[in-house]
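Taken in order, these protein sequences are the chains called A and B. First residue of the first sequence: 18, per our numbering; consecutive thereafter. First residue of the second sequence: 3, per our numbering; consecutive thereafter.
Treat the hints as calculated values from the structure; they're not laboratory data. Don't be surprised by glycine CBs; every beta carbon is placed ideally from N, CA and C. The hints are all genuine.
A few chain A residues that face chain B, going by a derived Cβ cut-off under 10 angstroms, partial list only:
1. Glu-20
2. Gly-55
3. Gly-80
4. Asn-306
5. Ile-435
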Amino acid sequence: MAEQDQFDVIIVGSGAGGAPVAHTLVSAGKYILVLEKGPLFRPQQDDPLGLSDYKRDELISDGPEKILTIPGLVNTGASFYTSHVEPDLNDEPHIYQSNDSADYATIEGYTCQCVGGGTQHYGGVSLRFSERDLTLRTFNESRTDIRHDPNGDVKREARDWPITYTELEPYYTKAEQLIGLNGTRTNQIKVASADYYQKPLEPNPISEYARIGMEALGMKPYRTPQAVITQDHAPSGRKVGPLNQRDWEGGPKTAYVNRYGDCLDYKSTTWVALLRPIASRPGFTLRPNCNVTHLECNASRVVTVHYRDPSGQPATVSGKVIVLACSAIETVRLLMLSAEQASTFDSRINQNDLLGKYFLTHCFGGASAIMPGRFDKSRTIDSDWASDFCGTDDFIRSAGLWAGATIYNNTSDQALPIALARTHGATDLDTLWHAFDNDTSMVGEHLKDFLNAQFNRRLSVSFMANQVPQKANRIELHRKVRDKWGRRVAYIIKSWHDHDRFLMDTIAARCRDVLGYGGDGGKGQYPVEGFGGVYLSENALARIANHILGGARFGSDERDSVLDKNCRAWHFDNLYLTDGCFMPTSGSGNPTLTIQANALRVGDAVLASGIV
Amino acid sequence: MLPNILHSRAMPYRLLSRDDTYVLNYSTKYLARDNTDDRHNYGQYAAGDPRARIAEAWRFPIIDSYYDGQDYEASYDFNTVTFIYANSDPGLASVAVVGTFADLHAPVPLRRVAGTKYWTVTMVVPKGEVHTYKFIVGGEPRLDPVNPQHATKADGSQWSRFFTQFCTQIISFEEWEVVLLQRLTEHILPFRTTEGQRFLDLYYNYLDRNAKETVYPHAYRLDQPIGAVSFIDKVVAREESHRLQDYKICLETIDRLLRNRNPYTEPSRIAMEFYTELYDQMAGGNPRGWDFSRYKNPRFFLQLLRRHTYTGAFSHPKYGGNAGGAGWAYLAANLPDPQTGALPTERSQPSYFDWGHALERPLGRNPEYHG
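Using the sequences provided together with the hints, build the complete structure.
As structure tokens, then:
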């Protein structure tokens with residue numbers, strides 16, 4: 018079959034980093050190709066049969082048992098459970114190095130492999146970063162009150178972004194308008210030039226505990242901005258049912274939200290919000306089920322993209338501009354694999370030693386408690402209340418922290434019975450079912466007691482916070498382990514800084530307080546069984562929260578960054594990176610909206626470059 | 003676009019047009035690869051079986067929801083079954099499938115997805131059925147080289163096998179094994195308590211009276227709690243076939259052990275206390291009389307059985323357990339208000355788990371989502 022092999026722009030990846038660029042360029046009349054390694058799973062609205070590939074089915078998300086067979090890893094022989102859009106660990110694992118310098122395979126650090134990428138399964142929390150998140154070097158350089166940083170790493174490693182909040186702000190606004198969010202502005206510390214939030218739905222009743230706790234602690238709450246539409250959304254042509262009628266049974270509220278693709282059109286994935294609206298334009302071509310293997314350059318231009326077609330056959334395509342948005346780990350890996358193939362590519366992408374370095378995720382964690390009442394948590398869009406209390410300069414300084422955090426509650430956690438059991442005591446995606454399996458006393462009456470005590474009574478409050486950038490936190494290619502195409506897989510080496518642990522302890526205690534004050538109407542005595550930062554968990558070094566950031570940071574000095582301020586690789590004329598890899602610091606909130614806003618900005622930069 | 007249903011005049015089967023994107027969506031991840039290592043053999047394949055090189059071979063053929071373009075609830079009695087045959091030989095002229103879902107003398111032709119190595123056809127097959135089939139490749143009958151499920155017919159011939167959703171026909175276990183599994187799963191789930199059993203009786207009776215025919219044709223009273231055994235039977239036939247041997251060995255071991263302990267009573271009839279005792283001993287890792295030469299870790303089997311039993315009780319009924327949503331209904335009706343101790347009642351208090359709200363009709367009552 019003769020397929021078109023010349024395009025203005027080739028975009029690798031269709032998630033938060035790729036789709037906004039595609040939307041911008043196609044809207045400007047350019048001819049682009051999106052290559053996506055995963056399938057095009059469709060919601061009901063655009064499926065030819067009127068049925069979705071996504072299902073409200075716990076086992077589609079949690080998957081049956083599989084066993085890791087790759088030899089030579091510490092967890093070879095271990096069971097793992099992956100959803101239908103995650104890679105098979107035996108086909109393409111991520112390997113990480115544990116405390117004892119031994120290698121483990123992990124499912125952490127993968128976003129969904131499908132059109133829409135991570136926006137298909139995410140909870141949709143769509144926070145802006147604060148102005149302070151973008152200026153942490155300036156903020157910290159003259160401070161003497163930063164705790165738990167004996168070697169001065171914060172001052173040495175903190176970076177200001179090469180763009181200001183004011184430069185990014187119009188793109189936040191544009192992203193919020195195009196994508197379709199609901200939420201409220203009042204009490205946010207992030208300034209917005211326009212408000213495109215749709216009206217939030219009534220919160221789940223269990224979230225009231227979180228609101229009461231936040232209010233009691235002086236943490237002014239706002240309704241968490243989430244990428245779920247609650248009204249008709251003109252930019253993407255999506256419609257909602259009669260949500261406000263009392264007896265209407267439909268709508269976006271279900272526990273099949275976070276970690277599920279939406280079978281309807283409510284969740285604002287990049288497919289329904291950005292790509293489907295341009296899918297019938299002549300300039301748009303999407304090839305799903307096509308896995309890019311490497312890039313080839315001619316001097317300072319990347320000219321050829323090599324990929325495997327849906328049958329696995331090698332194919333090539335060329336474009337005037339190449340945009341990579343495979344999620345940070347896989348983008349860095351693709352560049353490293355391309356550099357292995359050709360010294361010209363190698364010398365340009367590795368013009369300094371920073372590619373793969375300063376890999377980041379978030380400091381994250383929170384608190385969880387069994388609340389006094391039982392509520393039907395299965396009617397939710399996941400998060401109801403958020404607070405920027407821990408993101409203000411006053412808070413950061415008074416706590417001796419280097420940067421701030423956002424706190425929000427989660428409602429959909431463990432709202433379904435299999436999720437309750439499989440995540441019982443589990444702290445990450447690699448240890449699902451472990452605690453339930455080991456707690457063999459939980460049968461008959463004891464199982465009933467467990468369900469009685471836990472089901473639809475748990476509430477969690479989470480935080481997302483900046484992680485201290487460390488050069489030693491990095492992505493490499495693994496020496497031995499190869500994916501199903503024979504390509505070396507990504508190797509993740511990272512550790513938590515002392516200050517990260519301190520920060521997580523500090524903010525987790527605030528999350529505990531939210532539940533402690535919320536659970537008893539503001540007295541602060543309600544028992545909270547668990548709280549803490551992710552560093553405390555089993556497999557702590559693998560934990561990424563699917564927030565995969567850094568590794569190719571942007572900057573204004575080519576000696577100190579991989580990308581220029583427009584996210585163009587310094588020594589290439591036409592290679593742009595638009596997933597989370599560009600971030601020099603990881604921000605005080607979930608990163609997706611910032612990746613989307615930045616990708617819209619880069620789309621404009623590509624247009625302004627004059628190359629296409 | 004409405005699906006293109008071809009009602010053949012001569013044959014009682016229905017074909018359905020699925021687009022190329024659908025076929026590739028369910029093929030590439032699993033079948034496209036260079037890998038030649040046996041990475042996907044966890045014990046379910048003999049050495050050298052080519053299936054060990056591909057991921058999740060159990061997904062083939064692809065069983066999915068069906069919609070006739072007019073009536074979702076009437077369509078709910080059927081699945082689509084999409085056969086996929088991968089062969090990159092450009093000279094291959096034809097591929098067909100022959101099976102028990104259609105006239106065995108009438109092979110159904112597959113079409114090649116343009117520009118790819120995949121051949122495909124989609125059929126409409128009723129739910130709750132087990133079928134056998136073969137591909138006809140270049141005129142020669144062949145087993146599906148991907149689907150690991152096989153069935154041996156009375157004449158000794160080997161066929162590929164699949165089952166559709168909501169299947170309660172037992173296919174992995176013999177009758178005595180099913181009975182033993184029933185007793186073992188009863189100890190795990192809370193439904194064996196007096197009030198749990200009363201609830202289930204009421205729930206099934208309610209279904210029998212009002213809903214069996216109109217609301218949910220596949221919900222009928224199973225002689226086992228929530229159909230967990232049916233779920234286990236299906237999951238070891240397909241998704242977790244690497245665990246079938248664990249069940250086969252351990253059920254035989256347990257049967258023998260119980261017979262030794264109670265020489266005059268069938269294991270199916272002995273008192274629950276004996277199962278409780280055995281369970282506790284398995285949890286401790288050292289049941290008296292366990293044959294460790296056959297199975298090293300009885301505690302592991304217990305963990306496996308618990309995970310499967312719990313999953314079967316509370317997963318979507320299409321996987322063969324949780325008949326009629328009874329496991330979910332138990333959670334909805336039997337968990338009290340922690341402050342007052344009151345159970346939810348239809349009139350005075352809403353349920354704490356309104357599972358039907360999210361789910362497709364006729365199983366649930368969501369007006370938008372169609373399964």
